[in-house]
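Asks: Residues per chain, in single letters:
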Amino acid sequence: MSFRLALQESPGNPWFSWQYVRDNSDTILAALREHATLTAEAVLIATLIAVPLAVVAYWFRPLTGPILALSGVLYTIPSLALLAFVAPYVGTTNPASVLIALVLYALLLIVRNALAGLNQVPAEARDAAQGMGYGRWGRLLRIDLPLALPGIVTGLRLATVSTVALVTVGALIGYGGLGDLIMTGFRNNFYKAEILTGAVMCVGLALVLDLVLATVGRLLTPWTRRGPA
Amino acid sequence: MTSDNPIQQAVLWLNDPLNWTNPGGILDRLGEHLWISAAAVALGCVVAWPIGMWLGHTGRGGGAVVLISNLTLAIPTIALLTILPLTFLGFGKPPVIVALAVFAVPPLLANAYTGVRSIDPEARDAARGMGLSGWQVLTRVELPLAVPYLAAGFRTAAVQVVATAALASFVNGGGLGQIISAGFGLGIAVGGGQILAGGILVALLALLVESALALVERAVTPRPLRRAPRAARA
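Chains A and B, in that order, give the protein sequences.
Position 200 of the first sequence, counting from 1, maps to 200 under the UniProt record's numbering, and the rest follow consecutively.
Position 32 of the second sequence, counting from 1, maps to 32 under the UniProt record's numbering, and the rest follow consecutively.
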């Protein structure tokens, strides 16, 4: 194979180089910003759709099956295929194509966990709320959702981490954030430093966002820290 | 005949027999896709099942299992697919198979671990009381009882690998994703139909594998356990 030659360990192509990071900090930061923005937008939109869906599934039992099945089917469809479904309609020069595919992916994780969280609300708490005269909405906002928060946060964390990894697929149409770095490095005569920088920053971004969400979740649910979990 | 509707273009593309039988056509790609996926899942099983069952048997390493699952979730497939060919694995199918196997490991590992862990301790004690050694307990009691979990993990892993194998096209690794990539390469005006057609094929294959393996999973799960929720989906 012809490109095996290019693979010979040459001193000019190390796996990591500060030189590269310093010289290309603008490109790297732009890619990081794009990556983080796409992830945040996707998770935010997915949450805005998924939490109401979970509430609907929680209120109307017969809808639970179809809602879970629909999001399950979406999750089974490969990310690349999802992008292929969306792109011809939205356009390949449009970051919205990537965004829509990401949102569809994040949906399932959030819906499933939010629903599990809602279903774990103790019957006593619900009865007590009923006895105190809460209506359906009052109970949802004051009792059910706060108590389901740990489940929702778990879903958000899973969705965020996998979305960070999935954004890279957008590299195929040029909106892949750090994935663009990885692919450019690959096409650019296998520039290892660029590939590894992109990959390491992806994993780093996922871990940082996960940590942020975990902390926010802890701060929002102080009652879970008291007593045995 | 060119139409603006991507669906019509896709149907047109799928209806061209040459697109199926050409070298690098749908049939070739389908074969590649299935072969890569099968090899990756097999490799994943060989690595993950013994480790998972051993950890479950000794009752240690629960934290490690969770950590591995979370870490692999954060690694972009594309990063692995581009990094592995640059290592000693070289280009071609091997790095793609190894990369996909990495993503198959967490569900296989987690389910093997949970499967062995969730066995009724009394069954284990009874086996011990009958004088079976640790190894015999593992192979004669824990392994058969964990089969439903292993099957569930296998299903999750296989579907995930078949879905992820589409990304192998990023590094020319073959598979059905190659059809989509080629379409994107042609640009949306010319390749729109092909992109959509490729997407439909990949999605259909994933759903087909999912439902086929769901039947297998059901078949190997003893009747009383069928209603129990599937544990540890990674």
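Each hint should be verified, as a subset may be incorrect.
Among chain A residues calculated to face chain B with C-beta under 8 angstroms, some are [said to hold, decoys possible]:
#, residue
1, F16
2, Y20
3, V21
4, A87
5, T92
6, A123
7, S162
8, L172
9, I195
10, L196
11, A199
12, A206
13, V208
14, V212
Chain A residues, not near chain B, derived (Cβ > 10 angstroms throughout) [stated by the list, open to error]:
#, residue
15, L29
16, I77
17, G135
18, G185
Calculated pairs, SDA-like style, for lysine to any residue (alpha carbon to alpha carbon, straight line, at most 25 angstroms) [unchecked claim]:
#, chain 1, residue 1, chain 2, residue 2
19, B, K93, A, I100
20, B, K93, A, F190
21, B, K93, B, I7
22, B, K93, B, L30
23, A, K192, B, V209
24, A, K192, A, R22
25, B, K93, A, T76
It should be emphasised that the hints constitute simulated quantities derived from the structure, not laboratory data.
Think of the CB as a built atom: it goes at the ideal place given N, C-alpha and C, for glycine as much as any other residue.
Asks: Report holds or violated for the interface hint on A206/A, using the least CB-CB distance to chain B and a cut-off of 8 angstroms.
Replies: With a closest approach of 4 angstroms, the A206/A hint holds.
Asks: Run the distance test for K93/B versus I7/B: straight-line Cα separation, threshold 25 angstroms.
Replies: violated, 32 angstroms
Asks: Just checking, G185/A versus chain B, shortest CB gap more than 10 angstroms?
Replies: violated, 7 angstroms
Asks: Are the Cα positions of K93/B and I100/A separated by 25 angstroms at most?
Replies: violated, 31 angstroms
Asks: Are K192/A and V209/B close enough, with their CA atoms no more than 25 angstroms apart?
Replies: This hinted pair is violated, its Cα atoms lying about 35 angstroms apart.
Asks: Any CB of chain B closer than 8 angstroms to the CB of V212/A?
Replies: V212/A check fails; min Cβ-Cβ to chain B is 14 angstroms, beyond 8 angstroms.
Asks: Would you check the hint for K192/A and R22/A, treating anything up to 25 angstroms between C-alpha atoms as holding?
Replies: holds, 15 angstroms
Asks: Please check whether T92/A passes as an interface residue: C-beta within 8 angstroms of a C-beta belonging to chain B.
Replies: holds, 5 angstroms
Asks: Mind checking the CB of L196/A against every CB in chain B and telling me if the closest is under 8 angstroms?
Replies: Holds: closest Cβ of chain B sits about 7 angstroms from L196/A, inside 8 angstroms.
Asks: Holds or violated: are the alpha carbons of K93/B and L30/B at most 25 angstroms from each other?
Replies: holds, 15 angstroms
Asks: Minimum Cβ distance from F16/A to chain B below 8 angstroms?
Replies: violated, 12 angstroms
Asks: Taking the closest Cβ pair, is V208/A under 8 angstroms from chain B?
Replies: violated, 10 angstroms
Checked against the numbered hints listed earlier, the structure breaks hints 1, 2, 3, 6, 13, 14, 16, 18, 19, 21 and 23; every other hint is satisfied.
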